[in-house]
Structures are given as structure tokens and as C-alpha cells.
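Peer 1: Here are the chains, one letter per residue:
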Amino acid sequence: MTQLALVIDLNSCVGCSACVTSCNEWNNLGSNNGVKRVLFNQVQTYETGDFNDCKTLHFPKSCLHCEDPPCVPVCPTGASYKRKEDGIVLVDYDKCIGCKYCSWACPYGARELDPRENVMKKCTLCVDRIYNKSLPKKQRKPACVLVCPTNARLFGDINDPNSKVSSIIANNNGYRLMSEWNTKPANHYLPLLKKD
Amino acid sequence: MNPAFSVIFFTTLIGAGQGLFSALYIGEVYAFFNIVDKGNSSQMIETGLFLVVILMTIGLFASMFHLGRPERAWQAMSQWRTSWLSREIIILMVFVVMVILWGLAYFIKGSLLLSNLEVRFDLLIGLIATILAIFLYICTAMIYVVIKFIQEWSTPLTVFNYVSLGLSSGFTQVVALASYFQSPLIDFYTIWALTLILVAMIMRLLSLYRNKHIKHKSTIKTALGVQHMKVRHISQESAISSYNAREFFHHSSMGLMQLIKWFFLVFAFVMPFFLVIFGWSEGNPGIFVAAILIQYIGLLAERWHFFAQANHPQNIYY
Numbered sequence: 001m002t003q004l005a006l007v008i009d010l011n012s013c014v015g016c017s018a019c020v021t022s023c024n025e026w027n028n029l030g031s032n033n034g035v036k037r038v039l040f041n042q043v044q045t046y047e048t049g050d051f052n053d054c055k056t057l058h059f060p061k062s063c064l065h066c067e068d069p070p071c072v073p074v075c076p077t078g079a080s081y082k083r084k085e086d087g088i089v090l091v092d093y094d095k096c097i098g099c100k101y102c103s104w105a106c107p108y109g110a111r112e113l114d115p116r117e118n119v120m121k122k123c124t125l126c127v128d129r130i131y132n133k134s135l136p137k138k139q140r141k142p143a144c145v146l147v148c149p150t151n152a153r154l155f156g157d158i159n160d161p162n163s164k165v166s167s168i169i170a171n172n173n174g175y176r177l178m179s180e181w182n183t184k185p186a187n188h189y190l191p192l193l194k195k196d
Numbered sequence: 001m002n003p004a005f006s007v008i009f010f011t012t013l014i015g016a017g018q019g020l021f022s023a024l025y026i027g028e029v030y031a032f033f034n035i036v037d038k039g040n041s042s043q044m045i046e047t048g049l050f051l052v053v054i055l056m057t058i059g060l061f062a063s064m065f066h067l068g069r070p071e072r073a074w075q076a077m078s079q080w081r082t083s084w085l086s087r088e089i090i091i092l093m094v095f096v097v098m099v100i101l102w103g104l105a106y107f108i109k110g111s112l113l114l115s116n117l118e119v120r121f122d123l124l125i126g127l128i129a130t131i132l133a134i135f136l137y138i139c140t141a142m143i144y145v146v147i148k149f150i151q152e153w154s155t156p157l158t159v160f161n162y163v164s165l166g167l168s169s170g171f172t173q174v175v176a177l178a179s180y181f182q183s184p185l186i187d188f189y190t191i192w193a194l195t196l197i198l199v200a201m202i203m204r205l206l207s208l209y210r211n212k213h214i215k216h217k218s219t220i221k222t223a224l225g226v227q228h229m230k231v232r233h234i235s236q237e238s239a240i241s242s243y244n245a246r247e248f249f250h251h252s253s254m255g256l257m258q259l260i261k262w263f264f265l266v267f268a269f270v271m272p273f274f275l276v277i278f279g280w281s282e283g284n285p286g287i288f289v290a291a292i293l294i295q296y297i298g299l300l301a302e303r304w305h306f307f308a309q310a311n312h313p314q315n316i317y318y
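Protein chains in written order, with our numbering: chain U, 1 to 196; chain B, 1 to 318.
It should be emphasised that the hints constitute simulated quantities derived from the structure, not laboratory data.
Computed from a predicted structure; not experimentally measured.
The beta-carbon is built from N, C-alpha and C at its ideal position, and this holds for glycine as well.
One or more hints might be untrue.
Claimed, not checked - Label pairs and their in silico Cβ distance ranges: (1) Phe61(B) - Lys133(U): 23 to 29 Å; (2) Leu205(B) - Glu180(U): 24 to 30 Å; (3) Ser12(U) - Met254(B): 49 to 55 Å; (4) Asn132(U) - His213(B): 33 to 39 Å; (5) Asn173(U) - Leu205(B): 44 to 50 Å; (6) Ser252(B) - Asn118(U): 24 to 30 Å.
When you get a sec, could you build the whole thing from the sequences and use the hints?
Peer 2: If you want it as C-alpha cells, here you go:
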């Protein structure tokens, strides 16, 4: 079964937030001018270690499109669902009542209430881009992937053993976030490598 | 979590309504088997049922403020196969209908003969409604229990708390009603109310003890996948005015949390317990009304603390 996902290379990410801007622009998420807004994707920055031996870690995070998404069964209206054909977790904006329960049930904090439409929103893996025949084939990828200047974001089917993302995950010890909850996030991260 | 007042009012009000109904019904059952003498309690039942419907309606109204699109709330009943929230809404609706039916059956005094045993309709309907009331507590609690990574909630103690806190508030109300209408059931109800307040307090103390010693499974290492001893969050901008910062952090000091904990222990348990004893010995319905109000304020604080104490793992990212 197809499971589309992102693979994020933490070694390549420079924290420029171009993915955030590109996501906001394509998904029409509004600007950060002090008003409440919704974010599908964000980059947070961490520092590991102590003085003399510390490292900066830029950490992009969006909906991880879990293979066993905890946000789906809790939804009282069926607005939150996982597509069988490509594994993308989506919200049906016409069914959502904005009860926020799915956001409570997501351990990653990937879902937000859109203050303008009062429904829950989150990363759609740019479902309206990746199958969009009006776009050139090369551009049928999530907006964040296309814009990344360091190629830190890759997109593909992680369940296809012959896909590029599958081999990159296998060869680079790709891992899932908070694996202790068995949500099996589809998005994978490539670990930060130690520099000699 | 950031406690939402709509949910706090919703859960405490319907909990009190379910408890009051269960109390009225148990009185009827005991009287039916001649264990207690209920005297003429129809006025008490009438007022009690009216209160139950009012409490459930105000509770439901409060819950609407939690929704982004309340006009679509009816759709929330569709996913009963998987969602406890959906089950809660369905059971709540059926419960209110059964309460009204019980009222009708009670005042019509319908009975039918099954072989030699007389079975009263109202007792049968009441039994179904009481089972629904208990199941409704379980549904409400399970909404929180099933979120396994909010470890403060994901325990059977949450279910016991919702059941015992709701029932105790219902029985405090029924004692006041029994006192006001001078029902002979007052002694019976007082013993129930005192027992339930004690049980609720023990359950809540157990959950407070458990949550104090909880070991969280998720850490910054599992959240980021970084195997380093020291990890520090240094970006600040994402924490400002974001949904995650508003929804999952209660923004209250540890001191206030402690204060509210002691406040609800005194207001929800200690004071109502002694006020019920005092009201009983004095035979004064006014004291019982004070007990109800103080207990309800305590239960609001308890529910606030229940939400605020819950640590959502997404907070690790901030």
C-alpha cells in the first residue's frame, strides 16, 4: 500500500524557514502580523551539548501522516481520515465541527484550529499539488519540498522498497519521532551525524 | 493542557445531572423493595427531574462554546464505532429522553403484570436511564483515558473519578431536595451523599498521588531523535501566539496549581462533607444549598486542575 511521506535530513537543514513560507503561501495561511494564524509546518531550533562542543539543530515539523494515526479514530464526525490510496491523513473541512479533540490526540502537536474558518487544519502533503495536472510534472511535489534550498526535504512512497526515499531511510538510519506510542509516523528524519 | 471553561462547565453540569437522576432513582428502588419509607415524594421527584433536565441542557449549551462550528454539532453522533466523544453525545441524548420518559411513566404510574410479579414501567425505564447515566460518565472519562500519551489522564482512575465526583454532586443535591420537601428519605440520602463524597475524595487523592509520581515516556530525546545528554530549545518565535502555545500550556504558575489543588480538596470534599452533616443535624435546607454551591465551585476547580495537570507530549518541542 502506498504511503506518501516526507524524509527530512537534519544534516542539510539550515533553518532558513523557506519551507514554512512556501507552505504558508501555497496553503494561503496568512501572515504573521500579530494576528492568530495557523501553521502547517514550522522549524524550531535547538542546541545540543555544552560550550566548545555544541551543535545547532534546526528541526522542521509538520503532520507526520502516521500509519496508525491517533487523530483519526477519536474524531466524532469522521472529518479526520486517512486515505487508503496514498496514506495521507486529511481533514474534511465540511464535516469538521472544530472540537479540537484531534489536536489533543496528536502527540506531535501537528493540528491547529484555523481561527478564520473554525475548523481543524494541518499539513495535507500538498494533496492539491501532487496530483495537479495543471502543474508541470516536476512541480507536482509538496511546496516545502520544492523550495528547500539544501534539498533537506524529500518526498515519496516509503512503502515502495524501490523508491528513493525508502533507500535513503534504509541507508541513513532514518527514524520516526516518538516511536514509543506506536503511531508509526510516515515522515522520517535522518539523524544528525557527528562531525570529526 | 489549557483548561477550556466550556468543557469544565459541560462535564461538571452533566455530571451533577446524571448524579441527581441516579439518586432519585435509587430512592425509588429502595422504597419499592420496602427498604426505606419514601412517604409522599412526588413533589421531590418532580422538582428533581426538572433540575436534571435543566442541568443537562445548560451543560450541553456550555459545550457548544467549545466548538468552532456549533451548527454542525449534530454530525458528532456519526462515529460511535471508534470515538468516545461521539458515544458520549449519543448516550447524553438518549439519557435525557429516558429521563423525560421516566417522568411521564412515574406520574402516569403505569404497571404491567408479568406472571405473578408486578413490574412497574417507571422502574424499568429508570433502570435503563440510570445505566445510561453511569455509562455516560464512563464515555466522558474515556474521551481522556484513550489519549494514551497524556499519561495523567490515561488511567482507570480517571473513570472512577468522573463517576464518583458526578454521583457525589448529584447526591448532595438530592439531600437538599429531600430536606426541603421533608421527605423521610433524607437519612438514607445523607448516608449515600457522605459515603460518595468520601469515595470521590479517596479516588481523587489516589489520582493526585499517581500523577505526582508519573514517569513520562516521551522525552526530548524521543521527540527529536537526538541522543544527546543536553538539548536546549533556542528558537523563541514559534512559541508566541501559536495554537500549540495557547492550547497545550496552561500558563499558570506552580504556586497557583498548588493553590487550586488545595482549594478543590477543601471545597469539593471537606466542606460539603461537614456541611451535609451540619445540615442533616439542623434539618435546614439552606445549609444543604450552601453545600451544593460550595461543592460545585470545588468541582469546577477540580476539573480545571484535571486539565491543567495534563502534560501533552507536544509541549516537549517548546
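Peer 1: Run every hint past the structure and note whether it holds.
Peer 2: For each hint, the structure was consulted:
| no. | hint | result |
| --- | --- | --- |
| 1 | Phe61(B) - Lys133(U): 23 to 29 Å | 48 Å, violated |
| 2 | Leu205(B) - Glu180(U): 24 to 30 Å | 29 Å, holds |
| 3 | Ser12(U) - Met254(B): 49 to 55 Å | 40 Å, violated |
| 4 | Asn132(U) - His213(B): 33 to 39 Å | 53 Å, violated |
| 5 | Asn173(U) - Leu205(B): 44 to 50 Å | 46 Å, holds |
| 6 | Ser252(B) - Asn118(U): 24 to 30 Å | 26 Å, holds |
In terms of the numbered hints stated before, the structure departs from hints 1, 3, 4, listed from lowest to highest.
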